[in-house]
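Using the sequences and the hints given, assemble the complete structure.
Number of protein chains: 2
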Amino acid sequence: MADEVILLDLWASMFGMRTRIALAEKKVKYEYREEDLENKSSLLLEMNPVHKKIPVLIHNGKPVCESLIQVEYIDETWPGETSLLPSDPYQRAHARFWGDFIDKKVNVTARRIWATKGEEKEASSELIEILKTLEAELGDKRYFGGETFGYVDIALIGFYSWFGVYDKFGNISIESECSKLIAWAKRCMQRESVAKALPETEKVTTFISQCLGLE
Amino acid sequence: MADEVILLDLWASMFGMRTRIALAEKKVKYEYREEDLENKSSLLLEMNPVHKKIPVLIHNGKPVCESLIQVEYIDETWPGETSLLPSDPYQRAHARFWGDFIDKKVNVTARRIWATKGEEKEASSELIEILKTLEAELGDKRYFGGETFGYVDIALIGFYSWFGVYDKFGNISIESECSKLIAWAKRCMQRESVAKALPETEKVTTFISQCLGLE
Numbered sequence: 001m002a003d004e005v006i007l008l009d010l011w012a013s014m015f016g017m018r019t020r021i022a023l024a025e026k027k028v029k030y031e032y033r034e035e036d037l038e039n040k041s042s043l044l045l046e047m048n049p050v051h052k053k054i055p056v057l058i059h060n061g062k063p064v065c066e067s068l069i070q071v072e073y074i075d076e077t078w079p080g081e082t083s084l085l086p087s088d089p090y091q092r093a094h095a096r097f098w099g100d101f102i103d104k105k106v107n108v109t110a111r112r113i114w115a116t117k118g119e120e121k122e123a124s125s126e127l128i129e130i131l132k133t134l135e136a137e138l139g140d141k142r143y144f145g146g147e148t149f150g151y152v153d154i155a156l157i158g159f160y161s162w163f164g165v166y167d168k169f170g171n172i173s174i175e176s177e178c179s180k181l182i183a184w185a186k187r188c189m190q191r192e193s194v195a196k197a198l199p200e201t202e203k204v205t206t207f208i209s210q211c212l213g214l215e
Numbered sequence: 216m217a218d219e220v221i222l223l224d225l226w227a228s229m230f231g232m233r234t235r236i237a238l239a240e241k242k243v244k245y246e247y248r249e250e251d252l253e254n255k256s257s258l259l260l261e262m263n264p265v266h267k268k269i270p271v272l273i274h275n276g277k278p279v280c281e282s283l284i285q286v287e288y289i290d291e292t293w294p295g296e297t298s299l300l301p302s303d304p305y306q307r308a309h310a311r312f313w314g315d316f317i318d319k320k321v322n323v324t325a326r327r328i329w330a331t332k333g334e335e336k337e338a339s340s341e342l343i344e345i346l347k348t349l350e351a352e353l354g355d356k357r358y359f360g361g362e363t364f365g366y367v368d369i370a371l372i373g374f375y376s377w378f379g380v381y382d383k384f385g386n387i388s389i390e391s392e393c394s395k396l397i398a399w400a401k402r403c404m405q406r407e408s409v410a411k412a413l414p415e416t417e418k419v420t421t422f423i424s425q426c427l428g429l430e
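From first to last, the protein sequence lines stand for chains A and B. Per my numbering, the very first residue in the first sequence carries number 1; after that it's consecutive. Per my numbering, the very first residue in the second sequence carries number 216; after that it's consecutive.
Hints were generated in silico from the structure; no laboratory data involved. Any given hint could be a false lead.
Unchecked claim - Calculated cross-link-like contacts (lysine-lysine; reagent style DSS-like; alpha-carbon spacing at most 25 Å): (1) A/Lys168 <-> A/Lys186; (2) A/Lys53 <-> B/Lys347; (3) B/Lys267 <-> A/Lys104.
This is the structure in structure tokens:
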């Protein structure tokens, strides 16, 4: 039986982008289904009854929830030619640490820039600090894992399409503060898997402005 | 060269308990070093410069941070006779989902019961709901993974030693609300690895009462 793979997702989700990139890196064919978060499908509610959130990866009828868990699942299920996580246990733990750091820090802080009134300035400074911590971890490496594009790159790169939102609402310029990280992001964007998964940052900025009733 | 394994920890940490249990399950010998969180050691600050938190597992001089990442690292580094995570990718993703759920929900909600003024009642109800969700996932199984004690059990069981704190400050009785979960916890406590890692709940309750200046 051929694999049936369905992804319940939203185009602007940096979490969904992770899963799309991982699937593309592994050349897994799948059916993409855009969700309306104001009117969630019964399939989404059935497949992720605990969190009721996208993205949900459905493989042969069985759901896998939470984007970084999906990335690991994809890596283990379709080993293929390239691994997203390193094979060495210590390097794996190191990659998981930074994936976890991104999950705990980046989105939580970044949301406060545009979704909360009055916290823009503080949250913007915090976000720059967080991105500088990530930049220090990147160092002079081509990708977070070294020469090869992988798990930590996938965990972070989706946020790049939101940088315009953070710049606009936080009144900052991530590009001038974190030039090395921007160079890394542009490097990632040269990969077809990333370029196809990430929307234009202007599109995300317009979307968020519309959601907030500003346009 | 023999492995040098050091654990920087705090006796009352439910996160540290995870790592202690995993090390015991794998029969890994290690040096336990109690940290004073009011006066963190230079080794802790050096080994976990990003979060500056315990537990930190130091294996041959290299740090692994974040307790669930440590549990996976221990499982991969010392395969031994028993695996903490299932070998099937789908079951692994399922276990990771519940580990992540526990990390995102249980401690965040439980802390609001004793560490925040005025939220005790709401947080207590939320905690009971969360525990009931976990109880539903457990179902009639012996352990979360089925017949074998493993990753999700390790992720959750440390909180059992804090149930006295939640009962006292939330004015609830977890035992009468979640009897199946308590039966599971007692089953886990029959394992030497768990019994040795978990302090008496009375000791934790006294400790927290003292920290809050109530005793």
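Structure-based check of each hint:
1. A/Lys168 <-> A/Lys186: Judged against 25 Å, a Cα distance of about 20 Å means the pair holds.
2. A/Lys53 <-> B/Lys347: Since the Cα atoms of A/Lys53 and B/Lys347 sit roughly 20 Å apart, the hinted pair holds (cutoff 25 Å).
3. B/Lys267 <-> A/Lys104: Cα-Cα ~15 Å, so holds.
In this structure, every one of the numbered hints holds.
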